[in-house]
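Q: Protein chains in written order, with the working numbering: chain A, 4 to 316; chain B, 4 to 316; chain C, 4 to 316; chain D, 4 to 316; chain E, 4 to 316; chain F, 4 to 316.
Don't read these hints as lab results, they were simulated from the structure.
Every value quoted in this text rests on a predicted model; they were computed, and no experiment measured them.
Treat the hints with caution; some may be incorrect.
The list treats identical chains as one, so a pair stands whether inside a single copy or across any two.
[As the list claims (entries may be wrong)] Within a straight-line C-alpha distance of at most 20 Å, the following computed PhoX-like cross-link-like pairs (lysine-lysine) qualify: (1) K225 - K208; (2) K101 - K208; (3) K225 - K101; (4) K225 - K247; (5) K175 - K101; (6) K57 - K224.
Protein chains: 6
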Amino acid sequence: MFYHIQKLINPIVDDEPDPSAANALQEGLGGQFGEMRTMMQYLFQSFNFRGDGKAYLDLIQGIGIEEISHVELISKTISKLLDGAPGYKGKKFDVPGKGGEAPMEMAKEQKNPHHFIVGAQGALPVDAAGNPWSGSYVHCNGNLVLDLLDNLVLESTGRLQKCRIYQMSENKTLRATVAFLIARDEAHEMAFAKALEALGVEWNKLLPIPKFDSSRYPEVKKLIDGGINREQYTFRIDGSDMEKIFRGSAPANDGTQLVTLAEPREKYDIPEAPERPEEFSPGLDPELQALADALGEAKAKLKKPSKRENTHR
Amino acid sequence: MFYHIQKLINPIVDDEPDPSAANALQEGLGGQFGEMRTMMQYLFQSFNFRGDGKAYLDLIQGIGIEEISHVELISKTISKLLDGAPGYKGKKFDVPGKGGEAPMEMAKEQKNPHHFIVGAQGALPVDAAGNPWSGSYVHCNGNLVLDLLDNLVLESTGRLQKCRIYQMSENKTLRATVAFLIARDEAHEMAFAKALEALGVEWNKLLPIPKFDSSRYPEVKKLIDGGINREQYTFRIDGSDMEKIFRGSAPANDGTQLVTLAEPREKYDIPEAPERPEEFSPGLDPELQALADALGEAKAKLKKPSKRENTHR
Amino acid sequence: MFYHIQKLINPIVDDEPDPSAANALQEGLGGQFGEMRTMMQYLFQSFNFRGDGKAYLDLIQGIGIEEISHVELISKTISKLLDGAPGYKGKKFDVPGKGGEAPMEMAKEQKNPHHFIVGAQGALPVDAAGNPWSGSYVHCNGNLVLDLLDNLVLESTGRLQKCRIYQMSENKTLRATVAFLIARDEAHEMAFAKALEALGVEWNKLLPIPKFDSSRYPEVKKLIDGGINREQYTFRIDGSDMEKIFRGSAPANDGTQLVTLAEPREKYDIPEAPERPEEFSPGLDPELQALADALGEAKAKLKKPSKRENTHR
Amino acid sequence: MFYHIQKLINPIVDDEPDPSAANALQEGLGGQFGEMRTMMQYLFQSFNFRGDGKAYLDLIQGIGIEEISHVELISKTISKLLDGAPGYKGKKFDVPGKGGEAPMEMAKEQKNPHHFIVGAQGALPVDAAGNPWSGSYVHCNGNLVLDLLDNLVLESTGRLQKCRIYQMSENKTLRATVAFLIARDEAHEMAFAKALEALGVEWNKLLPIPKFDSSRYPEVKKLIDGGINREQYTFRIDGSDMEKIFRGSAPANDGTQLVTLAEPREKYDIPEAPERPEEFSPGLDPELQALADALGEAKAKLKKPSKRENTHR
Amino acid sequence: MFYHIQKLINPIVDDEPDPSAANALQEGLGGQFGEMRTMMQYLFQSFNFRGDGKAYLDLIQGIGIEEISHVELISKTISKLLDGAPGYKGKKFDVPGKGGEAPMEMAKEQKNPHHFIVGAQGALPVDAAGNPWSGSYVHCNGNLVLDLLDNLVLESTGRLQKCRIYQMSENKTLRATVAFLIARDEAHEMAFAKALEALGVEWNKLLPIPKFDSSRYPEVKKLIDGGINREQYTFRIDGSDMEKIFRGSAPANDGTQLVTLAEPREKYDIPEAPERPEEFSPGLDPELQALADALGEAKAKLKKPSKRENTHR
Amino acid sequence: MFYHIQKLINPIVDDEPDPSAANALQEGLGGQFGEMRTMMQYLFQSFNFRGDGKAYLDLIQGIGIEEISHVELISKTISKLLDGAPGYKGKKFDVPGKGGEAPMEMAKEQKNPHHFIVGAQGALPVDAAGNPWSGSYVHCNGNLVLDLLDNLVLESTGRLQKCRIYQMSENKTLRATVAFLIARDEAHEMAFAKALEALGVEWNKLLPIPKFDSSRYPEVKKLIDGGINREQYTFRIDGSDMEKIFRGSAPANDGTQLVTLAEPREKYDIPEAPERPEEFSPGLDPELQALADALGEAKAKLKKPSKRENTHR
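Working from the sequences, and respecting the hints, build out all of it.
A: Written as structure tokens, this is what we have:
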């Protein structure tokens, strides 16, 4: 069973909107090696897990839970990169089609017009070429060794693609998120490689993949200096055996150590997204808005829902 | 950010394996109106939410969080229905192909042979016709009224399909889960209908869809008698405004009242799935198993990970 | 602009339900060479037609209009073959899940469970393997010669597949429709081959494809004896140049002559489909039914809509 | 059974070619909420219709027939927007590759190169991101209430997307068609909402969706002033019960009245598309052209096909 | 550039037709981890290869060339398993629909009716659930380490699935081919693992995946006894550096040695497939057959094409 | 069984990188009428071939073998057009993200960002709109006449599309390959048309399709002057009956003659692709490179693999 808090796993950094950067980042969300796949692959593997290897289950599932928060983070980042994009190339935006103007003229030229026609300048479950995410991406073989190796390939490919995306834009909103994901993908590589190490494999100098010192990217360096590329979190309220695997020397064999924590050391506020009248979003006219507003008032004395903590123990 | 506890939202009931019932239930997991879609649709809508209608956001997202637990429940149910299915039509199973026997002969005749060739008698992210789940199922329009109406259609179609699946098998494993989902889909219909009611719509006698007293199904009746078709949970650790909408008389206009809770009143143990040597799952031979077992021993003095509660406040 | 009359282009013949025959026939509806493709391919070719070859345009479009009626016919046939199928293997059907029975138990074993879970024992826009119809099936090259040749291949493949389906069942409902489509596909082969003949090609003894005397099938023979495999209809209210091409000796070079008509010599009643409570279809409970019924009464004095004929001339 | 006249439901307005506007408009044709879906969804719902609610059947099917004419209109519009586009950015077009020049150099930079490589500057059955139309878009649940609600969501989403597309271009060809579709989608919203009203729902101020006075768009205003957003046509040659539902006050509750007509008050000529030698379209060289021309001559005395009117009564 | 000889890489063994075994084997041909993917993945990787690591290129491409022969072998095997299948359940086959009989009645009940409706009892480019093969299966990252690891996962998954398929049927036609593929997949695992070993990885006891002694399958044992699970062939007419990698001790660390050869030690005749009149295949009637036969006669004095050997040296 | 030599069927000509030309050319590789389809369609048709029409089998398969070499050629061409493209719009490339620069900034604006994010400036198995290749493109009907006609349509459409692509760019790398493919597609049109001629069809002046004298393109003229549009190669090491069909006057009826050869008169070197550090391709750091280099040294005395010629006779 799953729970949520209204916090992000990494902050959204402010910068100009950039629709083609948003589109490139879609690969990291809805691409074949993006976060929607890692999330679903690890969740399916843990739901279908066989046998008594609880430490392996907890490792796979723990990373899977984190990936939901990555989907949250990357969606918010894409939305932020798109938000206000009608003004991207300088045309001042006005209320919808006042007198028949075309305030979103630039939209039809963007990499994925669906960002403006279908979404409302928000993230979509598609990749950077506009293909919708597919369930066929999820590999869940039921063979532990193979699943671990497949997961290692998945994280490595994800990290490779994000290193490439990093080099495609200097936009700070994009880079803050991509840098975080590069560091976390490296941690996940360590996790699956360590699990295979426990089964006998010695990696020597092969890892990480790509074999590239990502601390040459300043945004990544700052995160790595904080150690997040060697930490893994359980996100499990009632305990986890993850640490039986994720501990000791990192399989990158670079002298670093692996650390298991219950959750990240910090959490970050979720920025609100403003209304976008040109997208009819949220699309409440004054009459409907008045009805909606009424919900927020006059109900101050609501008995608050009994706290989760009260029931789950 | 998301968390997990090792509990199910409804119990897995024991019965014989039944691969074609498992296949029918795949529609409820990976179908166009199944739980993978509800989960992703509501999460995307909440991540892309615009404006200050926090009560609406909390309602949509709260249901979205629940749907992750539904994906967990329905995956475990399908796995349970498939587990041991090589013995389904009476052929005793032996170790893999001893002397070249064909212990899984029945597998190639089943509705979806992928359950045996690709998965290891586990759930797949596909529908009952074998089509992989697609990102195109997710509707996230960014227009609040439209999204609420789309969600109502989604829950209604889900409930309709599950009522039909209920009538396709008397298998208790299947029915326990389907009955629960019928009741919960009805609660979710109430949620989105109530949100539209707040914007002026009067439903009179139209709801629920299908217009069918599901308490005629004994397994559903028991759950409804407990009230779960009129409850909604926030699953939010740090509070929610869901109750501003989900309260008062139900939009079914049948005299019932809506109740918001932090989480379900009960949680249930997650059954372990046994090894399946005929599927090479998990596939550790004695040498590898010895290495894996070593993880469970000699590390008893592990410092336990600091509790989540210590850091997230 | 398009119009409709409540008539079928061929009668629906009565026989037992047969879900696997219905599934085979789906290939003729939603398959890569089925009627949905012929309809969309010819309509797209006519909408995108370039140049002044009006006779070619009218030929392609006339056949395209007919294909909409084929989609109508084949959909009704599939629905008829599925209708009441819960009783197919002998289990008496009762009202939905009375006391929790499983009246549709056979449904989950059928070729495409979507016929029962998603549709309500009705036709679906998919092929016989359950794949949804795809826009990529439509070939519209904008090159007249190539489009005609592609259309000839399309009709030939359609006829080949229907000849195979004919041999898969003796069900009269299936065969009446399949026999009609075999005869009409042959007429359409003649049409496109004749258009190519006008551009110089001599077919000698190559046609029809497959090179098989389909009059060996009794149901087809009866139709061919009536001449429908050498007729083509314009379905055009305001005139057509189709006959400039579709006339004279047939390109099968078997002594037959081509005849252009405004529409088929006969039309047939559309059978109503009964309610299916086990599918919650149409799903009106007594309260809603009473509201629906009210529409049929008390409005007897409605001024009838002005006839189409009054306005379109 | 279906018929056609060589007229359009709205005129094609002349303006410059604009390939990216054409691409945006593809969403309205082959997108998940475009006209190909509305057409197929309503036709499937009417072919699979169960029970005796003839007024509901006639309403759904009548709109479905209209949608075929919308597919025709929008295809012609896209073709018009693409036609001659090689000259779009100023390069004068010459005969194909004379001396090896590249007259269509701009084509490979356009939003969907398929418009030039696959089509011949004509409409394609794809969406604005280049994904082919899919049969999975068609929802046909067989439950009347649910189908009506799904249809209302479909029309509302279609109208939302077209309002957004309107704001992306001031091209007159695009806007004339989009304005017409916005007005008609609103009429269709009224139709399905009214059908639900007949079953008890009161919409108060929720409709239309998006809640936006589209008469602020001048091209829409002109059409609305003519009343077409409150009319519905039966397109049925032999009568319809549509008017039993589509009459009385509009469910927008804005004082307007619903009017059922046999067909639109006006029809418009279909413009011919010129040859495009750079696309080899239609691609007849002088020899083949002479053969084709022969069809138009010397056959003046053809007995005209007997009029449809002669046989269908 | 590629060449062909009319020989198979493994013999087709005779047994009864078995359509559901054929369908299971489709996974090995057109599945996500089947031979169409291995073939295309390795060919794309070798065509896009960067840098001067010629030994790696030759290893990847050599295996890719072999996979074309695997596609040939597995296609012929599926066709053999399907051939004559209308008589599968005992109904004697007669010429097409004599008097309207249904000689292929069993066909519509088979796992994939496309084998009979679309193909003519021949192999299809689809998987065991009927999904068409997709280009998205091909992973070609351009990063050597990652591609090698991805290839190892691909071969391991292929071997796992084939071990499962082996256990689904005792049909000799199926097993001869599956046993061969299990042995070859193991050789390919060795190849990619050895290439990674050259880059520092030590596998210890992890390989092969699945960790299962496939010599317990008698058909596999016979092949392994012949050593083919430790051989790799270059299939390169003008030389290869493959042996620089594929030599020395096997990375399974079981005492075996790797051997590079130019091609397999033996080749096998390709069986002809008989005509299938019930499928209209090849579908030449007596007139057309006479024309076809004329090609084989009276042209005995044809100057034979100059031998390939004459030109390529 | 298949073999390979390290030669190309046509040379790669040097010119500037041009990513949008590369993207257009993807249609010729992974499009519905591209070389991946021709290759797979003819191979499947030959593997599933029925009956004793060996000359037809050899014709179809011989062209199929050639198509593998076309896939090789076109892949190398696309890679060449993409290679170094980060400098395409003038920005000097540096090592990956030195100090966080964005050396691949232009990449996210290109037609298909996958060329840079997923591939490493290499060819992908997708079309010009980014859709992955699909197995549903392969038509293999098992009816000889129909398959030949389908193949003729396939080659004609391929030639049409390539003539259009030719007109989209003057880039010499693109044009050298496209010109070759136009000429070869014409040869293949002749082959399938001739096979149909043997069955009685007379084409008169219909061919080639498009009816366009491609020798007006200088690059094509040069090839045609060399005669390659009337040659076909068997690529069969152990003999072929292709010449029984492919001989005599061409079905274009332009006075030319058909010539069957064992293989093309010339072969061309395969250019190496340089490393691309900005893509982490091949991605070996100094440590790994040293290990890789070791393979090339100290093994000079390797016994060379026994020549293919030694074993296959």
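Q: If a hint holds in the structure, say so; if it does not, say that too.
A: Outcome of the hint check:
For the homomeric pair K225 and K208, neither the shortest alpha-carbon distance inside one copy (24 Å) nor that between copies (39 Å) is at most 20 Å. When the C-alpha separation of K101 and K208 is checked against a cutoff of 20 Å, the pair qualifies neither within a copy, at 62 Å, nor between copies, at 23 Å. When the C-alpha separation of K225 and K101 is checked against a cutoff of 20 Å, the pair qualifies only between copies, where the shortest distance is 15 Å, while the shortest distance within a copy is 47 Å. When the C-alpha separation of K225 and K247 is checked against a cutoff of 20 Å, the pair qualifies neither within a copy, at 28 Å, nor between copies, at 42 Å.
In the homo-oligomer, the alpha carbons of K175 and K101 lie at most 20 Å apart only across protomers (16 Å), although the nearest pairing inside one protomer, at 33 Å, exceeds that limit. For the homomeric pair K57 and K224, neither the shortest alpha-carbon distance inside one copy (34 Å) nor that between copies (35 Å) is at most 20 Å.
The structure does not agree with the numbered hints 1, 2, 4, 6 stated previously, though it agrees with the rest.
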